[in-house]
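A.B. asks: What follows is the residue order along each chain.
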Amino acid sequence: MTVTRESGFADIPALFRRMTGDEKHEWAAASTLDVLWVLYDRVLDVSPDRVDDPDRDRFLLSKGHGPMAYYAVLAAKGYLEPSTLDTWTAWDSPLGQHPDRVLVKGVEISSGSLGHGLPIAVGTALGLRLQGRAARTFVLVGDAELDEGSNHEAIALAGRLGLDRLVTVVVDNESGTHGWPGGVAKRFEVEGWQASTVDGRDHDALHEAFTQQHEGPLAVVAKIRKGDW
Amino acid sequence: MSMRQVFVDTVEDVMRHDPRVAVVIAEISRDVFTPQERLINVGIREQALVSVGSGLALSGMRPVVHTYAPFLVERPFEQIKLDFGHQDVGGVLVSIGGSYDDPVWGRTHQAPGDVALFDTLPGWTVRVPGHPDEVGPIVRDALARDDRIYIRLSLRENESPHPVVEGFTELRRGRQGVVVAVGPMLDKVLEATRDVDVTVLYATTVRPFDAAGLQAAVDRADQADVLLVEPYLEGTSAHLAAEALADVPHRLRSLGVRRDAELRAYGTAEDHDSAHDLDVLGIAAAVRRMFGHPAAAA
Chain H
1 MTVTRESGFA
11 DIPALFRRMT
21 GDEKHEWAAA
31 STLDVLWVLY
41 DRVLDVSPDR
51 VDDPDRDRFL
61 LSKGHGPMAY
71 YAVLAAKGYL
81 EPSTLDTWTA
91 WDSPLGQHPD
101 RVLVKGVEIS
111 SGSLGHGLPI
121 AVGTALGLRL
131 QGRAARTFVL
141 VGDAELDEGS
151 NHEAIALAGR
161 LGLDRLVTVV
171 VDNESGTHGW
181 PGGVAKRFEV
191 EGWQASTVDG
201 RDHDALHEAF
211 TQQHEGPLAV
221 VAKIRKGDW
Chain E
1001 MSMRQVFVDT
1011 VEDVMRHDPR
1021 VAVVIAEISR
1031 DVFTPQERLI
1041 NVGIREQALV
1051 SVGSGLALSG
1061 MRPVVHTYAP
1071 FLVERPFEQI
1081 KLDFGHQDVG
1091 GVLVSIGGSY
1101 DDPVWGRTHQ
1111 APGDVALFDT
1121 LPGWTVRVPG
1131 HPDEVGPIVR
1141 DALARDDRIY
1151 IRLSLRENES
1161 PHPVVEGFTE
1171 LRRGRQGVVV
1181 AVGPMLDKVL
1191 EATRDVDVTV
1201 LYATTVRPFD
1211 AAGLQAAVDR
1221 ADQADVLLVE
1231 PYLEGTSAHL
1241 AAEALADVPH
1251 RLRSLGVRRD
1261 AELRAYGTAE
1271 DHDSAHDLDV
1281 LGIAAAVRRM
1291 FGHPAAAA
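Here the protein sequences come in this chain order: H and E. Just so you know, we're using my numbering here: the first sequence kicks off at 1 and counts up by one. Just so you know, we're using my numbering here: the second sequence kicks off at 1001 and counts up by one.
All clues given are correct.
Output of the computed footprint for chain E on chain H, the stretches with three or more beta carbons under 8 Å from beta carbons of chain E: (1) 103-110; (2) 122-128; (3) 143-154.
Computed beta-carbon distance windows for the label pairs: (4) D86(H) x L1155(E): 57 to 63 Å; (5) G149(H) x R1016(E): 34 to 40 Å; (6) V1104(E) x K186(H): 38 to 44 Å; (7) R50(H) x A1144(E): 24 to 30 Å; (8) E23(H) x D1102(E): 57 to 63 Å; (9) G149(H) x S1002(E): 29 to 35 Å; (10) A1211(E) x D41(H): 52 to 58 Å.
Source of the hints: derived by calculation from the structure; they are not laboratory data. Using N, Cα and C, we set each Cβ at its ideal position, and we do this for glycine too.
Let's have the full structure, built from the sequences with the hints guiding it.
C.D. replies: Spelled out as structure tokens, the structure:
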């Protein structure tokens, strides 16, 4: 299927409504939306016509639940025909409540179960480095997802391996039950990551954080205040 | 030379000319491998071990993921299910330790349920060599492919190797029924069936299960009586043998590591063999019960 028209951020609410109906605030409430938009619009070296290019950047959505923002951005960027959104989660739709890389063009990992994306991203970044490729690997996790022990294995490992083309985006809406004293960024910093914390709704701040000069792996904590729309 | 040493030597040999191959380990066997860029020791991080292997595959490489069986298969099982199967990428998982290679460590180092766990996931090939000389061809084949393969190495081994093939190998032909011996169980099965007129099939590839090979052997015998002898959990392949013989009235019996008790005992692997009736005496007793014995028939 050829998708010819590329949309802008202003089209996102309409794309969202194709999945959620008339709910006015749903799109604005999606905690990952601005991060996803800035990545796909301004940061990632990817496009729908080179989803198999070994030198493309990789974006791994580890936080696979609530994928409407992801699907909306993929539709806006030409990976999905917008009409596909109309039947999402139906039997024969490729779009589920968790994305499936086998079913959706441009989706790098099938996700939903927490604690998988970050360790997979470490392997992907490592593999790209071993093959001498300059491609970067971005992975998006939630702050509560950091509870999973597998993520702590991956954070320590990536720091020790010095994976400087790995970027973890933590969308932090303070969902974790027991929290992270001192802030999420600190957990990464002690393991040798460079980390910064920015307003998760501020596109310029996100862009600057994603593209900052850094040594070793980079963590960007995108703070989202619940009810902030 | 041990199966593990042959595995390591073979992988290192292939790595010299195949830049796709990378090895991920979690401390276990770190002193057996020669350090190099494509050998990644993740430390004692078994979940990351498997997921890193998946990420390597997603980046276009052929990962070999290796550690002791319980830490490779049981602890990170969801990683195996989702990060290889659900991502639909390939990899070669290689375990050592078998069901109870070194029982002084107790339950923590025993994984008799590993193959049964793989049976809950579609698309995995499972290979169980019975001799170190069979390990080289199995590993070379696995590295040259793109799919998902589990190779189960053990310290338990047969006296001599057999040519590595995909299906079952007929080592003896008889009239009274069929005994399937998996990997390292072969020598004990041959000894236990020495005076009994049965067909003995040898298997190093257990998934996919050679249904056609079993059917053909059963067709040639006078009775559709089948005894499965496996080095892991009792009856692991019983559902596949039953399926293979679904259209034939048959009897099926399974020997393997018992399911009904956790043996809180140390000792030697041979002690555990006899506790599970997996020594020659135990297997021979099961063979007599199933196929009759010249002495019993007299």
